[in-house]
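Asks: Knowing the structure of chain A, use the given hints to seat chain B on it.
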Amino acid sequence: MSTVGKINFEIISSLERLERRGKKVADATLLNPNNAVALYDGEWLTLNSSDQLVRATDVTSVGAEPGNNAFLLFPNIGERGRTDTQAINMLPIVMMGDYEADSRIFDGTAAVAGGAAITAVGQPLKLATITLGSRNFTGLVGSVYNETDCKWVGYVTRLPANNASKLRFLAGWRR
Amino acid sequence: MSSAASAQLFNDNFMGKFAEADGKQKMAEYGGTYIRDRLRELSFLGQIMPPTNVTKADCQRSVNHDTLVKILDVEPQSKAMVATFRDQAKVRILRGPRVECAFHTIMSEKFQKYEEELLAYEMPLTKIVEENSVKDMQEIIDLIFITHGEAAVQALQTEANGGSVTSLSASTLQGGTPPAEFSVRKGELARAASTDDATVRPLQKPDIVNLRKMLNRNRLKARQVLMTESEFDDVHQWTLEDIGDRIAGETTTDGYKYNQLVGLEYRRTIKTDILREGNVYVFTAPEYLGRYYVLNAPKFYIDKIANLIMFQSWMNVGMVIANVAAVRKMELYSGDATTLDASGILASVSPVAEDSLGAVNNRVDSGVRFPAINGLF
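These protein sequence lines are chains A and B, in that order.
Numbering follows the working numbering, with no gaps: position 56 of the first sequence is 56.
Numbering follows the working numbering, with no gaps: position 182 of the second sequence is 182.
Hints are computed from structural coordinates only; laboratory data are not their basis.
Please note that a few of the clues may not be correct.
When the alpha-carbon atoms are kept at most 16 Å apart in a straight line, the in silico EDC-like pairs for lysine to aspartate or glutamate are as follows [to be verified]: (1) B:K56 / B:E116; (2) B:K110 / B:D303; (3) B:K135 / B:E109; (4) A:K24 / B:D355; (5) B:K257 / B:D303; (6) B:K221 / B:E265; (7) B:K135 / B:D303; (8) A:K24 / B:E354; (9) B:K299 / B:E109; (10) A:K6 / B:D37; (11) B:K56 / B:D66; (12) B:K135 / B:D37; (13) B:K205 / B:D234; (14) B:K135 / B:D273; (15) B:K110 / A:E16; (16) B:K110 / A:E19; (17) B:K205 / B:E241; (18) B:K213 / B:D233; (19) B:K304 / B:E116; (20) B:K304 / B:E115; (21) A:K23 / B:D355; (22) A:K23 / B:E109; (23) B:K205 / B:D233; (24) A:K23 / B:E181.
Extracted from the complex, chain A is given alone in its bound form:
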């Protein structure tokens, strides 16, 4: 089981190739670090019809997956409580570009819908609401090669057991 830390998402490939953007958050209260469901780095977001960031899944429902039309899925790369995000109600996301990253926001044992526990390098990853500690997050869970009706966001490149309890993955979608 992963544990949440101060830094939960670390990109380990070159940043210059990425298109990083700051987007307004639909619910500014999620940037308050004292909020029981505050947004953490490593959680995943999508855009609403007003071009504002919302969580990619329903954080109140464990196992919830992104909606049918939520194709744009982005990782939050701003740590909880950052004052620059709170000052302007914006979060930095990786909008375009492939990268490799370590994340603590994952559930390695959950098998959500047609998915499977995270057990193999190369395994595809999708998003779901997971529980870490005493609260829920929108994080990574395992999928299987032939799972349909889901949205892959990356592939395992190093398992937590070999990576200081962090899941390493390669972002992007390939079939």
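Replies: Just chain B, lined up with the frame of chain A:
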């Protein structure tokens, strides 16, 4: 040498600079004969709260992330009391509140251009963009400030109305239980309107007086008023009764040219997409209001990779309205501008979205110019 040739020389030299050892540096302006699209204005926040330069030594760090804040002290509360000879004073364990001013970045777009295409310009393209970028960033600073100012007045307005957001419109004011106008007030013509809409009524002298009262009655002193040029133009319609025959005569020929209006320093802006017409804000002196800090002044980055030129500018600032009671607002339209948007006008009286700022005036790309000469060159 003609201006067009000078600009062409500028563009040619611009590329040549990259070949020099210290090539990536700013260049002198050559001027130009290009058509300008719109006026760009310096920040009005800088007039309301003059910026203070700070360094990282003035800021505080966090153990949880790599951002900076500057912590400001707010004066502690105190009071006096009457007493008999044998009385003793009530005790107050002194405590002064503190507020954080967080810093963030303002940046221009990242401009890119192939050097071959730069040859097609007679105007000093890169210099123009460099200068405009600084003013574009200042527009964003004003946008952020107006957003914070609006949040401050609405917070107090909500508090004054029992903790609930309450519609403030002509109809609610004329109704049986009108809402309290604590930090937001309707103009005299707006409050008497028969419909709730976004029509901007003219600014009248009693409106300025009422704005002053909103601060002056709360142990604060109104010092400066922010309005659009359009609202300021209404001053030229004030009559003899408002301004006397001497000033009325002067404004008829020269316009209103004094530094104060009804005892307030006024700040005017043409940025009507940020400060929408119909919204007039009054502020105290900066020391009662908040702070505006510049952590890093505008920096300019330029690079050339093969034949692709890139340039960008950015700055780091922080601002805080620490005393939300130090700002008040007058609305010259009768409709409701709270988040309830009961009159459906909120979008037309609120600042436009950041992406929509600086809408282009000219229609050249659409082929609208006169006379229109057709044909491809």
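Asks: Hint check: B:K110 vs A:E16, CA-CA at most 16 Å. Holds or violated?
Replies: 13 Å, holds
Asks: Does A:K6 pair with B:D37 here, judged by a C-alpha cut-off of 16 Å?
Replies: 48 Å, violated
Asks: Straight-line Cα separation of A:K23 and B:E109 no greater than 16 Å?
Replies: Holds - the C-alpha atoms of B:E109 and A:K23 are around 15 Å apart, at most 16 Å.
Asks: Are the Cα atoms of B:K205 and B:D233 separated by 16 Å or less?
Replies: The given pair, whose Cα atoms are some 13 Å apart, holds under the 16 Å limit.
Asks: Verify the proposed pairing of B:K56 with B:D66, using a straight-line Cα cut of 16 Å.
Replies: Measuring from Cα to Cα gives roughly 12 Å; hence the hint holds.
Asks: Measure nothing beyond the straight line between the CA atoms of B:K304 and B:E115; if it is 16 Å or shorter, mark the hint as holding.
Replies: Judged against 16 Å, a Cα distance of about 9 Å means the pair holds.
Asks: Do the alpha carbons of B:K135 and B:E109 lie within 16 Å of each other, as the hint requires?
Replies: 13 Å, holds
Asks: Measure nothing beyond the straight line between the CA atoms of B:K110 and B:D303; if it is 16 Å or shorter, mark the hint as holding.
Replies: With Cα atoms ~11 Å apart, B:K110 and B:D303 stay inside 16 Å; holds.
Asks: Quickly compare the C-alpha distance for B:K135 and B:D303 to 16 Å and report which way the hint goes.
Replies: This hinted pair is violated, its Cα atoms lying about 22 Å apart.
Asks: If you draw a straight line from the CA of B:K110 to the CA of A:E19, is it 16 Å or shorter?
Replies: 12 Å, holds
Asks: For the pair we were handed, B:K205 and B:E241, check the Cα-Cα distance against 16 Å.
Replies: The given pair, whose Cα atoms are some 10 Å apart, holds under the 16 Å limit.
Asks: Given the hint that B:K135 pairs with B:D37, test it: the Cα-Cα distance must not exceed 16 Å.
Replies: 14 Å, holds
This entry does not satisfy hints 1, 5, 7, 10, 18 and 24, going by the numbered hints stated previously.
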